[in-house]
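**Student:** Using the sequences and the accompanying hints, generate a full structural model.
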Amino acid sequence: MKKIQLKITGMTCDHCEKTVKDALTKTGAMVESVSFRTGEAICCFNSQQVSDEVIMQSLNGTNYKIVDCKEC
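The numbering used here puts the first residue of the sequence shown at 6, with every later residue one more than the last.
Read the hints as simulated data drawn from the structure, not as lab findings.
Among the hints, erroneous ones may be present.
[To be verified] Cross-link-like lysine-lysine pairs, in silico, DSSO-like; alpha carbons within 27 angstroms at most: (1) LYS7 with LYS31; (2) LYS75 with LYS12; (3) LYS75 with LYS23; (4) LYS70 with LYS12; (5) LYS23 with LYS70; (6) LYS26 with LYS12; (7) LYS26 with LYS75; (8) LYS7 with LYS75; (9) LYS75 with LYS31.
[Said to hold, decoys possible] Across the chosen pairs, the derived CB separations fall in these ranges: (10) THR14 with VAL59: 25 to 33 angstroms; (11) GLN53 with THR17: 32 to 40 angstroms; (12) ASP19 with GLN53: 30 to 38 angstroms; (13) ASP27 with GLN54: 14 to 22 angstroms; (14) ARG42 with CYS74: 14 to 22 angstroms; (15) HIS20 with GLN53: 31 to 39 angstroms; (16) CYS18 with SER56: 25 to 33 angstroms; (17) GLN62 with MET35: 27 to 35 angstroms; (18) GLY66 with GLU45: 17 to 25 angstroms; (19) GLN54 with CYS18: 27 to 35 angstroms; (20) ASN51 with THR17: 26 to 34 angstroms; (21) ASP19 with GLN54: 27 to 35 angstroms; (22) ASP27 with CYS74: 26 to 34 angstroms; (23) GLN53 with LYS31: 27 to 35 angstroms.
C-beta: ideal position from N, C-alpha, C; glycine also.
**Tutor:** Structure (structure tokens):
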């Protein structure tokens with residue numbers, strides 16, 4: 006399992022957190038946390054089944070954007 010920390014712009018409330026969590030979950034990732042206060046999300050995924058690119062594109066079509074990604 007690969008664990009990553011995402012820096013996300015555009016989140017302002019609890020509803021934003023839920024939207025981001027739902028989008029990341031749809032990729033097959035297990036979301037540990039999403040915080041609009043810090044603008045970050047932490048998730049784990051099987052890198053043999055889900056690519057980094059899929060995770061990075063998961064918020065396309067939303068008001069949120071992943072601006073940074075680093076492995077934990």
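**Student:** Next, verify each hint and record whether it holds.
**Tutor:** Outcome of the hint check:
Of the pairs offered as hints, the one joining LYS7 and LYS31 holds, with about 16 angstroms between alpha carbons and a cut-off of 27 angstroms not exceeded. Taking the CA atoms of LYS75 and LYS12, the gap is near 9 angstroms; set against the 27 angstroms cutoff, the hint holds. A hinted pair counts as satisfied when its Cα atoms are at most 27 angstroms apart, and LYS75 with LYS23 qualifies at roughly 21 angstroms. Only pairs whose Cα atoms come within 27 angstroms are accepted, and LYS70 paired with LYS12 is accepted, the gap being roughly 8 angstroms.
The suggested pairing of LYS23 with LYS70 holds, with an alpha-carbon distance near 15 angstroms, which does not exceed 27 angstroms. This hinted pair checks out: LYS26 and LYS12 have alpha carbons roughly 13 angstroms apart, not beyond 27 angstroms. A distance of roughly 18 angstroms separates the Cα atoms of LYS26 and LYS75; the hinted pair therefore holds under the 27 angstroms criterion. With a C-alpha separation of about 11 angstroms, the suggested pairing of LYS7 with LYS75 holds against the 27 angstroms cut-off.
Only pairs whose Cα atoms come within 27 angstroms are accepted, and LYS75 paired with LYS31 is accepted, the gap being roughly 20 angstroms. Checked against the hint of 25 to 33 angstroms, the pair THR14 and VAL59 fails, with Cβ atoms roughly 19 angstroms apart. In this structure the hint that GLN53 and THR17 lie 32 to 40 angstroms apart at CB holds, the actual value being about 35 angstroms. The hinted range of 30 to 38 angstroms is satisfied by ASP19 and GLN53, whose Cβ atoms lie roughly 33 angstroms apart.
Distance hint check: the CB atoms of ASP27 and GLN54 are about 19 angstroms apart, consistent with the given range 14 to 22 angstroms. Separation of ARG42 from CYS74 is about 19 angstroms and conforms to the stated range, judged on CB atoms against 14 to 22 angstroms. Checked against the hint of 31 to 39 angstroms, the pair HIS20 and GLN53 passes, with Cβ atoms roughly 33 angstroms apart. The given range of 25 to 33 angstroms is respected by CYS18 and SER56, whose C-beta atoms sit roughly 30 angstroms from each other.
Taking the beta carbon of each, GLN62 and MET35 are about 18 angstroms apart, not inside 27 to 35 angstroms as hinted. About 21 angstroms separates the C-beta atoms of GLY66 and GLU45, a value consistent with the hinted range of 17 to 25 angstroms. The hinted window of 27 to 35 angstroms between GLN54 and CYS18 holds, with their beta carbons roughly 31 angstroms apart. Between ASN51 and THR17 the beta carbon distance is about 31 angstroms. The supplied range of 26 to 34 angstroms therefore holds.
Remark: the range hint 27 to 35 angstroms for ASP19 to GLN54 is upheld by a beta-carbon distance near 29 angstroms. For ASP27 and CYS74, the hinted distance range of 26 to 34 angstroms is not satisfied, since their beta carbons lie about 19 angstroms from each other. For the hinted restraint 27 to 35 angstroms between GLN53 and LYS31, the CB-CB distance of approximately 18 angstroms leaves it violated.
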